[in-house]
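Enquirer: Read top to bottom, the protein sequences are chains A and B. So in the numbering used here, the last one in the first sequence is 497, and the numbering has no gaps at all. So in the numbering used here, the last one in the second sequence is 137, and the numbering has no gaps at all.
Hints should not be assumed to be uniformly reliable.
To be verified - When the alpha-carbon atoms are kept at most 25 Å apart in a straight line, the in silico DSS-like pairs for lysine-lysine are as follows:
# : chain 1 : residue 1 : chain 2 : residue 2
1 : A       : 483       : A       : 153
2 : B       : 74        : B       : 85
3 : A       : 153       : B       : 38
4 : A       : 197       : B       : 38
5 : B       : 85        : A       : 66
Simulated from the structure, these hints should not be mistaken for laboratory data. Computed from a predicted model, the values in this text were never measured in an experiment.
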Amino acid sequence: MVGSPVLFIAVPLLAAFLIPLLGMVWKESIRILPGLVLLYMLVLAITLLEQVMHTGTIVEILAGWKPPWGINLVFSPFTGILATLMILMGFIIWIYSYRFKNVDFEEAKKYFILFMMLVTGSVGIVLTGDIFNQFVFIEITSISAYALTAFYKHRDSAEASFKYLMVGSLSSMFLLLAIILIYSQLGTLNMADIASKAHLMKPEFKILAVIFFIVGLGIEAEIFPLNGWVPDAYAQAPGPVGAAFAGIVVKAGVYALIRIIFTLFDVSGTHQFLIVIGLTTMIISEMAAIRQDRLKRMLAYSSLGQMGLVLVAFGIGTEEGIFAAMFLLINHAIGKSLLFLSGSYLVYNSADKYISETNGMGKFLPVTSFLFALGALAVVGMPPFSGFWGKFFMMSAAAHANMLLIIALILSVSLIELVYYFRVINRIYFYKKESHITPKKPTVNAVIAMATLGVIILIIGFYPDLISGYLHQASQALLDKGKYIQDVLSTGQLLTH
Amino acid sequence: MNFTLFDLKIVEYSFFITAILVIMIGLYGALVKKSLIKVVIGLSIFDSGINLLLISIGYITSGTAPIFSPALVKDMPLTLENIKKLSEGMVDPVPQALVLTAIVIGFGVTAVALSLVIRLYRHHQTLNIDEIKNLKW
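I would like the entire structure built from these sequences, with the hints used as guidance.
Expert: The following block contains the structure:
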């Protein structure tokens, strides 16, 4: 026994609050501590994941209160994979931002505290088995995300952050309303207990609760009408934070939405709703992405489009569809983070971050440009890279479910993606550099972080079987609602006897 | 004293009605007002409305605190039936615990919002939401 799932929340939270204290003693420790903690969590997550794949879901009871009453953490193949992915992304982003604000100690301290809170909150959203606890973690994540968005004082970041805060806090109120509704109807907050009692709820209340949940969680999951804050927040936040949003926070939001729709309630039509909302998100965002003239806004819109694709894949609802969705999630986390990390070096010294300012960077920043191109190819879904398998599995899932229109839409949207990514790559490699911008050489740790992501893209691209076994188990775990309920509630019975 | 029952019914529903009214006022403030400070106040009022709604779910008219004190239990053996009987007049403690958490979260969000308003004012020299539109798309 190496450790238990509660350490995924306790250790980073403790570390976040230890950072200012340790910073008083030794200034370098604020940079080292988050990395040590994330590395420990990564090792723990991989060991636990390996264990879970063989012996089944780990359910941890907190503070000795049995599941229907107390808070429990569920480390199933599905949640385990997502948590591991988030921690891995957190670790790589830590490597990238190790020298972040190298001269400014106070700023760096704030950044690392908030970053650890962001990781804690996101991992908590995925692991918890209690809806109110999930609400608390969503708030931890969003409050640190608001603060990280407003990190740079000289940009328009406060405006972006305020926009995010307005939408985010209003929607979290709706989340609370949904929780109140469920509690008043069923008298329980435990997800497994709600799932087993959901049929007792009056249908009108059930539908109302689902609507409140979708509005409340749609902000973090970035579904279409609720994602107006995304391009601003991604573009105004520091580079590594944009990558953290795309690699960590969105994943948590999508997980929460999927858990509500797949496990908690079986309202008919939610799968079709996922498909429709996913397609709308995808098409509108890709159309918006193609007419952006600033790099980070383009990447943000493209990220929205990718998340729409993931929602469509979940909406197909078959085991194959969920498998494809998981594959796309992983590909999006890695590819889009790589794009944000390398993209922020391409436009490092320009004030407005225009795409035209990346002209000719291929000659001055060969490694960064190469990795950017690699990320772009992976996200678009070119054959030897990881994105290809995601889109391939997704299309075969759609074909088996007889949803041919979806295939047509995905292919045409991929074409749009291809156009705007290749426009940037074309500028990087084949245009003459504009004289007034001095390119910024990436630091060594940034190159290591970006290269790690690039290598992961290539490995998954050439050997998709390395992860597909895990993903199959994960998608079965998500679909098998009865087993989830039994796993969680039976731990309670074991304790009583 | 003839009005007791009627009175109690009113009391029971008045919490819900007030909560929804407060939520509506908060929503109006957050969505319609032009001044950033008023928007934040609206958010805060919305928050209070939700908290009131949450607390009124666990409310029982003339209920007691959910504590099994020695004076209440006396010499009764604590079997399941006795516990059920004793807990009948008790208010539900779970919503109260939830509200405590929700209040703290609401406080945190309001604090972040106000600090952002200060930043916005320094950056734009105005609090009018219509004039802050550098990021309009």
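Enquirer: All the hints need checking, so say for each whether the structure fits it.
Expert: Hints versus structure:
Note on residue 483 of chain A and residue 153 of chain A: the hinted pairing is violated, with a Cα-Cα distance of about 49 Å set against a maximum of 25 Å. A C-alpha spacing of about 13 Å is found between residue 74 of chain B and residue 85 of chain B, which places the hinted pair at or below 25 Å, so the restraint holds. Among the hinted pairs, residue 153 of chain A with residue 38 of chain B is consistent with the structure: their alpha-carbon atoms are about 23 Å apart, no more than 25 Å. For the suggested pair residue 197 of chain A and residue 38 of chain B, the alpha carbons sit about 42 Å apart, so the restraint of at most 25 Å is broken.
Proximity of residue 85 of chain B to residue 66 of chain A is assessed by CA-CA distance (about 23 Å); at most 25 Å being required, the pair is judged to hold.
Checked against the numbered hints listed earlier, the structure breaks hints 1 and 4; every other hint is satisfied.
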